[in-house]
Amino acid sequence: MKTGMKMLNAENNGVGDTTGATKPLCDTTGRRSSTCDVEGDIRIHGSSGTIVFSADATDDDDDDHHHQQQEWKIKPYARKHDPVASANIKEWSLKPFAGAGDEGLPNCTKTHDVPAVVFSVGGFTGNLFHDFTDILVPLFTTARQFDGDVQFIVSDVKSWWVGKFKLILGRLSKRELIDAGDEDGRDAVHCFRRVIIGPMFHKELGIDSAKSPKGYSMTDFRTLLRDSFGLRRRTVAEIDAKRPGSQRPRLLIISRKKSRAFVNAHGMEEMARSIGYDVVSAEPGMATDIAKFARLVNSADVMVGVHGAGLTNMVFLPDKAVVIQVIPLGGLEYLARNSFREPALEMDLHYLEYVLREDESTLSDVYPKDHPVIKDPQSVHKKGWDALKEVYLDKQNVRPHLGRLREKFMEALKLLQQQQHD
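Numbering (this note's numbering), first residue to last: 52 to 473.
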């Protein structure tokens with residue numbers, strides 16, 4: 052049976068045009084994600100996590116034939132290097148079928164005329180950073196090429212998560228998603244001509260346009276977010292006249308309560324107002340109405356927050372806005388910069404950082420000045436992630452010097468003024 056099944060294109064990591072040089076059916080070389088892309092007669096039984104495709108047993112290319120005959124195991128979540136995240140991700144089996152005709156293949160209960168993308172919403176969902184970097188950005192990278200004519204098949208479904216991000220998901224797919232674990236559809240077999248299993252991950256909160264289909268970038272992703280949530284401002288130069296105090300630049304302080312909280316938040320607000328800012332403080336959480344919060348962020352010109360998931364909201368800022376990341380004590384510069392500095396620059400945002408000094412951390416109230424936690428953070432790092440997280444992320448609050456912080460806020464104002472004159 053000649054299916055016309057195609058292999059992965061070596062130049063575009065397998066999710067664009069599937070002509071030309073070939074690669075194995077599944078690309079498992081990425082540190083964070085594995086992606087399978089198959090065309091032909093494909094049948095998906097969601098409840099068992101089985102995808103059967105009809106392999107061409109008469110293919111003349113022995114290498115291609117071998118790869119088409121191989122069975123693959125895939126967890127479609129972009130954090131395969133992390134055993135904690137992977138532990139609650141459903142594994143899918145991609146199996147070739149080389150029988151004669153359709154005999155032995157599961158019968159289709161529903162045949163679809165669009166491609167499918169299979170992904171998971173397990174892992175670390177609920178943490179906004181992971182919602183975006185592990186799921187939404189890779190999903191955009193993989194699915195946007197279909198202009199909405201794509202069927203999402205989702206495993207490890209959390210209905211609250213789907214509801215929270217329904218406006219984004221609805222922009223990427225015009226079809227109601229299929230819950231692979233739905234008990235009512237446990238016997239369903241969905242049939243497609245093309246299926247992609249596992250969205251592609253390129254980098255933290257980022258897209259490598261050279262590898263993405265049609266050259267998509269974070270600029271395109273942010274455009275989709277603005278369209279999804281009806282965000283008014285594309286750049287900081289666009290003033291929202293409906294906002295009270297709109298002639299003053301707005302500073303949004305991302306507040307926290309459980310850890311890495313601003314101890315002197317009130318003083319920060321007063322200082323910022325004294326130099327000309329319209330100041331708003333807000334604390335996003337799992338239950339936050341993301342559309343409403345996105346509009347608040349989009350109204351800001353400068354956003355400041357301690358390293359953490361809340362800074363992910365910078366995806367909603369207008370172009371040329373300023374992000375100020377407060378980096379806690381503990382030798383966390385590399386982690387902080389990789390998570391937010393590089394993504395901010397790729398999003399056409401200005402990035403500033405405020406690195407805490409020893410006396411600006413509440414850890415200095417707990418430990419003597421010469422304690423390794425204060426003087427030798429690397430000794431804590433060597434004990435592993437759990438030790439680092441417990442000390443520097445879970446048990447530390449911050450009190451930046453208002454004089455030093457004022458300088459950073461003034462620097463942000465200058466960047467905004469330059470933007471107005473460009």
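Treat the hints as calculated values from the structure; they're not laboratory data. You may find that some hints are simply not true.
Within a straight-line C-alpha distance of at most 30 Å, the following computed DSSO-like cross-link-like pairs (lysine-lysine) qualify [to be verified]:
id: 1; residue 1: 426; residue 2: 459
id: 2; residue 1: 141; residue 2: 209
id: 3; residue 1: 225; residue 2: 146
id: 4; residue 1: 217; residue 2: 141
id: 5; residue 1: 446; residue 2: 426
id: 6; residue 1: 465; residue 2: 434
id: 7; residue 1: 426; residue 2: 440
Against the structure, the hints:
1. This hinted pair checks out: residue 426 and residue 459 have alpha carbons roughly 25 Å apart, not beyond 30 Å.
2. Taking the CA atoms of residue 141 and residue 209, the gap is about 13 Å. The hint holds against a cut of 30 Å.
3. This hinted pair checks out: residue 225 and residue 146 have alpha carbons roughly 28 Å apart, not beyond 30 Å.
4. Taking the CA atoms of residue 217 and residue 141, the gap is near 22 Å; set against the 30 Å cutoff, the hint holds.
5. Under the criterion of a C-alpha separation no larger than 30 Å, the hint pairing residue 446 with residue 426 is consistent with the structure, at around 17 Å.
6. The suggested pairing of residue 465 with residue 434 is violated, with an alpha-carbon distance near 42 Å, which exceeds 30 Å.
7. The suggested pairing of residue 426 with residue 440 holds, with an alpha-carbon distance near 17 Å, which does not exceed 30 Å.
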